[in-house]
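Construct all of the structure, not just a fragment, from the sequences and the given hints.
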Amino acid sequence: MSLAFLVYMEIFVLLFTGEKYWKKITEIVKAGENVAVLAVEHGYPIFATKEEA
62 MSLAFLVYME IFVLLFTGEK YWKKITEIVK AGENVAVLAV EHGYPIFATK EEA
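Residue 111 in this note's numbering is what sits at position 50 of the sequence shown, and the numbering runs on without skipping anything.
Rather than coming from a laboratory, the hints here were simulated on the basis of the structure.
The calculated lysine to any residue pairs, modelled on SDA-like cross-linking and capped at a C-alpha distance of 20 Å, are:
(1) Lys81 x Met70
(2) Lys85 x Leu75
(3) Lys85 x Phe73
(4) Lys81 x Ala92
Now the structure itself:
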């Protein structure tokens, strides 16, 4: 396999997983923007649910 192919696949995987994370982030924001902001400020994982935060 060529290096270019490996790089392309890595970018594809990152974009694919990133899309899932963005969906989760938008769910959190819809649930309550203040909760998401507080979670970030206090160092909680940004993907934590409202209850966990």
